[in-house]
Each structure stands twice: as C-alpha cells, then as structure tokens.
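So the protein lines, in turn, are chains A and W. 1 is the number of the first residue of the first sequence in full-length UniProt numbering; add one for each residue after it. 1 is the number of the first residue of the second sequence in full-length UniProt numbering; add one for each residue after it.
Please note: incorrect hints may appear among the correct ones.
Said to hold, decoys possible - Derived lysine-lysine pairs resembling DSSO-like cross-links, with alpha carbons at most 30 Å apart: (1) W:Lys126 with A:Lys34; (2) W:Lys444 with A:Lys2; (3) W:Lys88 with A:Lys12; (4) W:Lys444 with A:Lys34; (5) A:Lys2 with W:Lys171; (6) W:Lys2 with A:Lys126; (7) A:Lys446 with W:Lys34; (8) A:Lys444 with W:Lys12; (9) W:Lys260 with A:Lys12; (10) W:Lys576 with W:Lys2; (11) W:Lys97 with A:Lys34; (12) A:Lys171 with W:Lys2; (13) A:Lys34 with W:Lys88; (14) A:Lys446 with A:Lys171; (15) A:Lys350 with A:Lys317; (16) W:Lys126 with A:Lys2; (17) W:Lys350 with W:Lys260; (18) A:Lys2 with W:Lys446; (19) A:Lys97 with W:Lys34.
Stated by the list, open to error - Cβ pair distances, simulated, as ranges: (20) A:Arg143 with W:Glu59: 40 to 46 Å; (21) W:Ser124 with A:Pro225: 52 to 58 Å; (22) A:Gly513 with W:Ala581: 19 to 25 Å; (23) W:Pro241 with A:Leu510: 55 to 61 Å; (24) W:Glu59 with A:Gly410: 50 to 56 Å; (25) A:Ser335 with W:Arg102: 42 to 48 Å; (26) A:Arg183 with W:Ala581: 28 to 34 Å; (27) W:Glu59 with A:Gly84: 43 to 49 Å; (28) A:Glu142 with W:Ser124: 34 to 40 Å; (29) A:Lys88 with W:Leu579: 34 to 40 Å.
Because the hints were derived from the structure by calculation, they are not lab data. On a predicted model such as this, the values are computed, not experimentally measured, just so you know. Here a beta-carbon is modelled for each residue, glycine too, at the ideal position from N, C-alpha and C.
2 protein chains.
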Amino acid sequence: MKASQFLITTLKEAPADAEVVSHRLMTRAGMIRKLGAGIYNYMPMGLRVIRKVERIVREEMNRAGAVELTMPVVQPAEFWQESGRFEKMGPELMRVKDRHDRDFVVQPTSEEVVTDIARQELRSYKQLPKNLYQIQTKFRDERRPRFGLMRGREFIMKDAYSFDRDEASAKRSYEVMAQAYRRIFDRFGLKYRAVAADSGAIGGDLSEEFQVIAATGEDAIVYCPGSDYAANLEKAEALAPQGPRPAPANPLTRTPTPGKSTCADVAQFLGVPLATTVKSIVLATDTLDDAGAVKASKVWLLLLRGDHDMNEVKVGKVPGLDQGWRFATPPEIESHFGCRPGYLGPIGLKRPVELVVDREVAVMADWVCGGNEADVHLTGVNWGRDLPEPTRVADIRNIVEGDASPDGQGVLAIERGIEIGHVFYLGTKYSRSMAATFLDEDGKPKHFEMGCYGIGITRLPAAAIEQNHDERGIIWPDAIAPFTVVVCPIGMDRSPEVKAAADNLYSQLLEQGVDVILDDRGERPGAMFADWELIGVPHRITLGDRGVKAGQAEYQHRRDSAATAVPLAEVAAHVKARLTA
Amino acid sequence: MKASQFLITTLKEAPADAEVVSHRLMTRAGMIRKLGAGIYNYMPMGLRVIRKVERIVREEMNRAGAVELTMPVVQPAEFWQESGRFEKMGPELMRVKDRHDRDFVVQPTSEEVVTDIARQELRSYKQLPKNLYQIQTKFRDERRPRFGLMRGREFIMKDAYSFDRDEASAKRSYEVMAQAYRRIFDRFGLKYRAVAADSGAIGGDLSEEFQVIAATGEDAIVYCPGSDYAANLEKAEALAPQGPRPAPANPLTRTPTPGKSTCADVAQFLGVPLATTVKSIVLATDTLDDAGAVKASKVWLLLLRGDHDMNEVKVGKVPGLDQGWRFATPPEIESHFGCRPGYLGPIGLKRPVELVVDREVAVMADWVCGGNEADVHLTGVNWGRDLPEPTRVADIRNIVEGDASPDGQGVLAIERGIEIGHVFYLGTKYSRSMAATFLDEDGKPKHFEMGCYGIGITRLPAAAIEQNHDERGIIWPDAIAPFTVVVCPIGMDRSPEVKAAADNLYSQLLEQGVDVILDDRGERPGAMFADWELIGVPHRITLGDRGVKAGQAEYQHRRDSAATAVPLAEVAAHVKARLTA
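Required output: the full structure, derived from the provided sequences and hints.
Have a look at this one:
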C-alpha cells in the first residue's frame, strides 16, 4: 500500500470523552471514528487490524474443525420468546418492529438461532459433534457505552456453538475450543491468561475466560506465579487455612468502642491487627407465595475477617442462599440484633439468625466483633467457649495477594486483565427450552449438549493497545499490526536516489509477501515519524539522501530507542529476519 | 475440506414458498435456510460462495484504488434527518429506538455516514479523489420479500462512494469504477451486460446497471447484437422514424366499433394491422397551494401506437410532466372527452387537453383512434388535415425488438437480466444537503462531487444460479463455486485401495492450492452424485475399486454428459488443467 492511496487521518488531540488509552490512541491514530454513543466507524487503518484478528480466529477455528456460517443481524423475536430471553433480558437487548408490527431483535448473541439450526439440520448422532461459528456484527444497547471499542454497543464478535451427544463428548468439544483459543491468543502476540471463571446464570459448570493482561483492565485475575493456576476473582477459591485453631488465650471482654463502627477503626482504636477482627454482614432471603408475594423472610449473618471482602458469587452458592438473597433492611437488623449496624456480632442475639462463617474465621481464636450494643465490641471471642462451634463454614471471601494457591504450588498474586474470550459449557439449557433434539444410536430423541465460545473481535485491538503502548502511541504485535513495515523516505520529491531506493525496497518487500506501506505523502520527517509511532507500525525503515547515496538505510523497531544503520542492499533481509508474523 | 467435517444439508424437496429456481436450489443444496420473511441463515455451503464473491470484489476494488472501511449497521437517525431521507423514505427504512428513546436506522445504504466521514476527514483537495467502500450487512424492510436471496430484507452489499474535486474528476472516478466492475464481473465467470440506466430520483446523469443475463430475470435489457449498445428498458431510446410521413390516402371516417374498446380488438374487427391504430392515455398534473392542497389540475392526452407500451420514466421527463403526474380520474376524462375510456381520441374534445405525441405516432398517416363517442372509432385520421400538426413530440414508449439501435449499428433485441451492480454519478446531492465541503486549491470550500457504486454480494449467487443450472441442480462457475473439485470415492470403507487413492489425491490437490472437498461420508454413489450435482461443484473425480486397482479414475465436469477415464496418476493434473479459477 502507498500512503497517498490510503486514508491516514491522525489527530493531535484525543476527543474529550476518551477516558482510556486505547480509546484515545485508536481515535488519534485514525482507526475509529465515533458515529454515536458506543457506535463507531471502523476506519481503513483500524479495519486492517480487525481483519487480521478475524483471519487468525477464522484459521484456528477451521483448524479446530468448526464450520463457519452466518446468522442474521436482525432476528425474528419468536426464537427469543421460545428461549424466554425476549422477556428476561433487559433493555440491553435491542428490540425492533418491522413494517407489519412484528417483533425482531438485533442480535447480541445467537444461541437461539443456532439451536434452531441444530434442531432442523442435526438429526442424527452420526452428525455429531458439530461446532458452528460466525464472525458477525452484534449489538448490545449498553446503558453506559464507553471506552471506545472496549464497551461499545455495536461490535464484531466471533461466536461458536458446539453440539454433542452427551456430556463427556461436550466436554471434549469444550477442551478442543479451549486449546484452539490458546493457539489464537498465542498468535495474537499478546500476554494473556486463561482463567477459570464462574459459569454464572447461563448454566453449566465449565467456563474459562481469556484475559489480556493490562494494568488498566476492568477484571481482577488471580494467579499462581509458581504454577498454571489462574482464575477470576469471582471464581478463585480461598483454601481453608492449614493447621489447628489456636487455643483461647484471652477472656471474653465487653469493650467500649465509642463511634468506632468499622473493623479498621476498631483495630486502630484497640491497637490490634485488622486480621484479628471479624465483620458481620447481614443478609436476608424471602420465601414467596404462588402470587409472588413475600410469605416469609429469613435473616442470615455472615462472618468475615476484618481485612477480607465478601465475594457475592461465592455467597450465592451457599445452600439456602443459592436461590437469591438480598441485604437485610435496618428493621430486620434491629429486630434480630437489637442494635444498629456497626456493632453487630454473633453473640447475644435477640432472635436467631442463620450463621455462615468464612473458612478463615472458623479457625480464628481471640477475635474481636461487635457486641450487639451501640459503641461496644467484644474482644477475646472464641469458638466453642463463647459461642457454639460453627456448623456452616464456607469460602465466601475474595482472594487477597499472598493467599495459598488452591493447587498447593505457592501463594497467589493478583493482576488486571481485559476479557477478550470466553469458553463455556452450556449443557442442555437451550436445547431443553427450545426442544432441540437428535436421534441417538438407540433411536430415541436426546437433547443436545451444548457449549458456546466467544471472542470479542473489535475489543481485541483495544485490549492489545492497553497492553502495548507508550507515550508516543501504539506498539502493535506484528500479527495484528495494520501494516507490519513502514518505509519512510525523506525528501523523496527532491532526491531521485531516495525515490528509487524507496520504490525498489517497497516492491521487494511486497514481492516477499510483507505487509508494507510506503509513506509517499511527502510529509516532513518529524510529522511522518510521529504519525507512524502513533499508529504503531512495529518495523520502520528510513531512507535519507545521504544514507542512500552511501548505500545505507536505517532500521528501527517501534520498541527500539534508536535506529540501526543497515546496508541498503541488506535492509529487506534485515527486516524480514525480525518479523514474527 | 472433508465432507464429514463440514455441514452438508441437502433436501429432496424445496419449500413451498420458493418461487424461483435459485431459491429452490439454494435451499435444497443447503446453502441458505429461511429464518423469517426475507431473512436467511447463510449456511456453511452458501457462505463459501458468498466469501468467494466478496474476495473477488475486494481484490478488484483495492486494485482500483478504493479504500475499505466499515460503517455501522445501526446508525443514528440524525444523519438521515440531515439528508432528509429519514422522513422521505418509506417503511422500507427500518427505524428503531434505543433504550433512551433515541432514533436509529438499520442501514439500507450509507450515503449519509460516508458523507459525514468525508466532511470530517477529507479537508483538502490534496486528499482527493478518494473512494471509500464497505462490504457490510444491509437491511431493507421490503413490503413483499421473496425469491430467496434475490429480494431479501437482510442482505450483504458492497457499497462504494467516490469523492472528487469537480465534475470532470468525478466522471473519471466513475469510469474507473465502471472498468473495475467489468473486471469483477468477468472474474465471476457469468454472462452479463453493463447497461445504461436512468439515474432516477437519486440525481446525477451517469448511471449503468450490471445485469446478469437470465431468462428468469426481472429486468428487460435492450441491446444491439451488432454493437456495444445496451440499456435497460426505462432508458433505451426509441429513435424518431426515418423518412417523411406518407401522404393521406383515405378520408376521415366515423366507424362504428361496438364493444371494441382496445386497439387489438379494433384492429381485428376492422381487419387492419395493430400498428395502424393509436391508443390514447390520459394523465393529469396538479398544482398545489402552500398548504399542499390541490389548487388546479391539468389533463394530458398521450398518443402511442396501438402495439407500443408507455414508458413511465420517459413520460416523467416530458416538460410539464417532470414534476410528477398521475393517471386522470374517470370524471376528469368524462369532462374533457365527453366519453368513457376505450373510445378516446384527439379529435372532437369537449375541453382542451395538453397533447403529447410519441415520435412514432407523429409520422403515421391514415391511422385509427377513438371517436370520443361510445362504440365509435375514427379511421383514416391524418395530421395536418384532420387535426393540427403535433407540437409536442417525444419518445414516451418502450423499445420493442426490431427497433433501430440508437447507435445506428442495426436493430435492437431484448433479453432478461438480474441487476447485480450499479454505478452512479451522484453529483452534489448529498454533499449539499449535508454541507460536506473541502478546501480547494484556491482556499475556498467546495462541495464534493460524489458517485456511488453497489454490488449485491448475496444476490449474486442467486443470479449465477438463475443463469447456470439444469434439472439436476446448480452449475457453478469455478470462481464462485463453494468447492471447485469434489473427490467421490466409492466404497471407501470396504476398499483400502480406494481409501488410499482418495486420501492421496485429496492431499495432492490441497497442496496445489485447489479448493477440494473429499466426500468421506460413506454415502452410496447415487445419493453422493445427486448431492454434488445439486450443490453444483463444477469438477468431480470418482474413484472406484475396480478403476483404482487398474490405475484409473474418472473425471466429469458438471456440464459433461458422461465421465472420462483418466489414469489415476494423471488425474490431478487433468483436473487442474481444466480449472478456470
């Protein structure tokens, strides 16, 4: 490509609403242009990156035996009514009516349509397993679209769906995808982690997220530097502490703590470590009658160490809380504890509560908690002596750095990531709701076992930038750079030697299949270099009049601090030897 | 590709609603599946064809210097309000509201958004000319979607838009695209014509349609077998007849024609050629007041030869009718002609009308027309003698076979076509309505001169099938076949020799870059051949046990009536020599 024939639209300034670096740099580099909230034009420079991402994904999906098709962007609502999502999903599902007032949705994903395809086309176990995927425009009407392509409303997603005879086969299909995702992410040239994830509301029990590591990521990733263990914060298990509980050393003591209603304040006031305090969190669950009205409510007390945070996903798995819970109301707290929040504890309750004790709290001795009396805490609290041994002990807290790794291979660390891919074992959630069956070997209809597998195609470039940039701009990995090499001739219009050398080098690289752009715009060196550093082309060759006449060119990788002189005759080979894609 | 890993979903029967052969065959071949009215899944077999079409279009667009980008499917209505199309377009424009009740459209084309991009990014004449294109999902909420991909609601279109400094440059950009379209259509391997088209309501005066020739096509194409001349029926000019008008030979005679109200009936009744009769068509035009109410109306009489049809596009260009016209109402006809339709004519009117005479009628002598009296016609009618010489003579009829070619190179023929591409000089229609300007060399802002250029990516496979099929199924040109070659082993499970030969041949062809599929499904020969003939793969190699053991294979092109024996060792070279893409 010659720059004069392309559309290069770099900007000095980022738009005021660009909060994150990828949004700022993609806009300044002319890769995207905002058309509306969360809706972007993919400009020529950005589209080249997106197409390279698509190509890698497509090649690896095909290699893994998946078959590509395309499902419509605008889908009849009837399929979504069948699965129940037309009613269940909130306003993020964009609903639209056609000229005949029939309901449609603009697809956010395609579980329903692909399940319809399966129930029509996959009639026999002989056709299984099958994995169908598409790379297609999606729409989610986000309440607060932001961060450019990171959280847009219209985006491109690769969504794949596997169909299997039984659970064992479905798990093999899942594994094939998880492997394919590793190959895809390896090829992108990004630092990433595959982390165990909670399968959440969508059902099933196997789920991994592919997270691109970036300090600015929205997600916390828990990993073990000494092993392969990685999980997101929701999922990462806090092991039960090793060894026995220490014996009680101190008496139970009623201690005035005037105005000290947080564990941190109490610990400081008493001069004890925060880790010796215990916080009380009060939840409630409701039983509903047939009309959906609250028939009865139960109050729950959760005990966590003062320096730990509650993990809502884990709490949602505790038996009794797994059908939904809420925080208790002030009257509920008052009626059970006889006290306002800030001084609550498990001893001296007015009415009994369901007690759930974090694994860590269950092995503490001589701890501090609220006294169920304003401005009073208890110190020297001990299980078995001051209150009964806990019967309901569970992992209900977030991991913190330094916790033991669940695989026993050391201690855990935490870093930030951006979720770009997700592999998910779905089970029969959709095949049951949509009555999608095949005839098994025994001649009987069975529900498909399904998995679903997404990659955020347009999100990936943004994540790559969050991970790879400096103060001058983007630094693309070779595999997804809009161009791999840029040839920058200086004074091409004045020096026939520079022009000849540039044209020759450009043709040479093109012939060798290198994705090269020749900057023939006639910009001054400063502006030209600034453009390419902003755009982030990883390899640059500069040709100047004096150098060319002396048979020299200059090579500089985007991460190099200075250029290297290379004989002109060898520069094509020099750059080719440095390409990683 | 191995068939067992792909998704082959052929059907014995076409759906009841499939009216045209391409819809029937694409459905039976498992290329598309209907999801809703005019909305289709592109199944794996069909998507391969679509992707090949896309690739050819993309390569030639790039070669022609156009630059690819992607504009959103869901577009904010504000741009469409700016151009006026949000209000002007009918319900075929799909409008949708987001969660904040803001208006959006699902793009049917992208003139507005690309014009917005141009006014932001193309600031200087130095950046011109520029041609921006996308290959993207479009939606048109057709009143009556039908014919499968031929007239769907959701479809993929390549839409390109050129931006130029002035009209001369815009016409060069137009010409570059018209040439690129010829290369694209040549590469598809289809019989097509580029025909002059009317530029219609969109404005401008240069327009060509690319029509794939097919007997089932919706459009009539007028062409000259002795020259390059081709135009669609709306556009093709009917020349004024050569030579002088014959002298009157017969007297004007009032002739009773009881119950004969059509030219054909009258001609038969009188025993004269239909070409000696003249039909009267009565139109009306309205003048509106400021409130849009009809202030005054004018009645027009159009005279055409009895065997000719009125051309509405040409009528719409007659001065006085070019701001819109309608057919006259029965009361209007009665009050001007004193007679009901069927016996109308230009002689003996009750009130004057505006007369428009077709070129052909203007040179007729001794003609027949209605007598403005029920059951009466006039014969021996002559200009100058029985009524004044016509003052308003125009080409207002459709061409018929045998008319003289406008280029003087013989007579015209008519064939049917399917419109697949359109190149259009737009002028400043959009740049003016959206105030899109650049700074010209003189430092002054000027409106862009624009052109737009479409290709119906998903319509093309349907058109290709309308042109290329037989009673057994589709016959793809090599360039856009889902697979170019199919290897059909017979009894692969029973004969290790067949299996080895098939695997070997498959690998050999793959290595040579041939797009080959190996049918390893284990189907019986009859069902296997029927599938591939239905799907329309152009080249087939069959391997049987006896043949393989004798070192023989069989090659058959989809158009051949029988297979040819080819030595097994040479069959790869044999088939390769026959590939055209």
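How the hints compare with the structure:
Distance check on the hinted pair: Lys126 of chain W and Lys34 of chain A sit about 24 Å apart at the alpha-carbon level, within 30 Å; holds. For the proposed pair Lys444 of chain W and Lys2 of chain A, the alpha carbon gap of about 28 Å is at most 30 Å, so the pair holds. Of the supplied pair hints, the one linking Lys88 of chain W and Lys12 of chain A is violated, its CA atoms being roughly 39 Å apart against a limit of 30 Å. At most 30 Å may separate the alpha-carbon atoms for a hinted pair to count; Lys444 of chain W and Lys34 of chain A meet this at roughly 27 Å.
For the given pair, Lys2 of chain A sits about 24 Å from Lys171 of chain W by alpha-carbon distance, which is consistent with the 30 Å threshold. A hinted pair counts as satisfied when its Cα atoms are at most 30 Å apart, and Lys2 of chain W with Lys126 of chain A qualifies at roughly 15 Å. Taken as a hint, the Lys446 of chain A and Lys34 of chain W pair is honoured in the structure, with Cα atoms around 25 Å apart against an allowance of 30 Å. Our distance criterion of 30 Å between C-alpha atoms is met by Lys444 of chain A and Lys12 of chain W, whose separation comes to about 24 Å.
For the suggested pair Lys260 of chain W and Lys12 of chain A, the alpha carbons sit about 79 Å apart, so the restraint of at most 30 Å is broken. A threshold of 30 Å between alpha carbons decides the hint, and for Lys576 of chain W with Lys2 of chain W the separation of about 19 Å falls inside it, so the pair holds. For the given pair, Lys97 of chain W sits about 19 Å from Lys34 of chain A by alpha-carbon distance, which is consistent with the 30 Å threshold. The suggested pairing of Lys171 of chain A with Lys2 of chain W holds, with an alpha-carbon distance near 23 Å, which does not exceed 30 Å.
For the hint pairing Lys34 of chain A with Lys88 of chain W, the CA-to-CA distance comes to about 26 Å; that is within 30 Å, so the pair holds. A hinted pair counts as satisfied when its Cα atoms are at most 30 Å apart, and Lys446 of chain A with Lys171 of chain A qualifies at roughly 17 Å. Annotation: proposed proximity of Lys350 of chain A to Lys317 of chain A holds, straight-line Cα distance about 27 Å (limit 30 Å). A distance of roughly 15 Å separates the Cα atoms of Lys126 of chain W and Lys2 of chain A; the hinted pair therefore holds under the 30 Å criterion.
For the hint linking Lys350 of chain W to Lys260 of chain W, the alpha-carbon distance of about 22 Å falls within 30 Å, and the restraint holds. Taken as a hint, the Lys2 of chain A and Lys446 of chain W pair is honoured in the structure, with Cα atoms around 27 Å apart against an allowance of 30 Å. About 19 Å separates the Cα atoms of Lys97 of chain A and Lys34 of chain W, which keeps this hinted pair within 30 Å; it holds. The supplied range of 40 to 46 Å is met by Arg143 of chain A and Glu59 of chain W, whose beta-carbon atoms lie about 42 Å from each other.
Restraint check, Ser124 of chain W to Pro225 of chain A: a C-beta distance of roughly 54 Å satisfies the suggested window 52 to 58 Å. For Gly513 of chain A and Ala581 of chain W, the Cβ-Cβ distance of about 21 Å falls inside the hinted range of 19 to 25 Å, so the restraint holds. Taking the beta carbon of each, Pro241 of chain W and Leu510 of chain A are about 59 Å apart, inside 55 to 61 Å as hinted. Separated by about 53 Å at the C-beta atoms, Glu59 of chain W and Gly410 of chain A satisfy the suggested range of 50 to 56 Å.
Distance hint for Ser335 of chain A and Arg102 of chain W: a CB-CB separation of about 47 Å, consistent with the stated range 42 to 48 Å. For the hinted restraint 28 to 34 Å between Arg183 of chain A and Ala581 of chain W, the CB-CB distance of approximately 31 Å keeps it satisfied. Between Glu59 of chain W and Gly84 of chain A the beta carbons are some 45 Å apart, a value that agrees with the proposed interval 43 to 49 Å. Range check, Glu142 of chain A to Ser124 of chain W: about 37 Å between beta-carbon atoms, so the 34 to 40 Å window is met.
The hint said 34 to 40 Å for the Cβ distance between Lys88 of chain A and Leu579 of chain W, and at roughly 52 Å that hint is violated.
Hint compliance for this structure: hints 3, 9, 29 are broken, all remaining hints hold.
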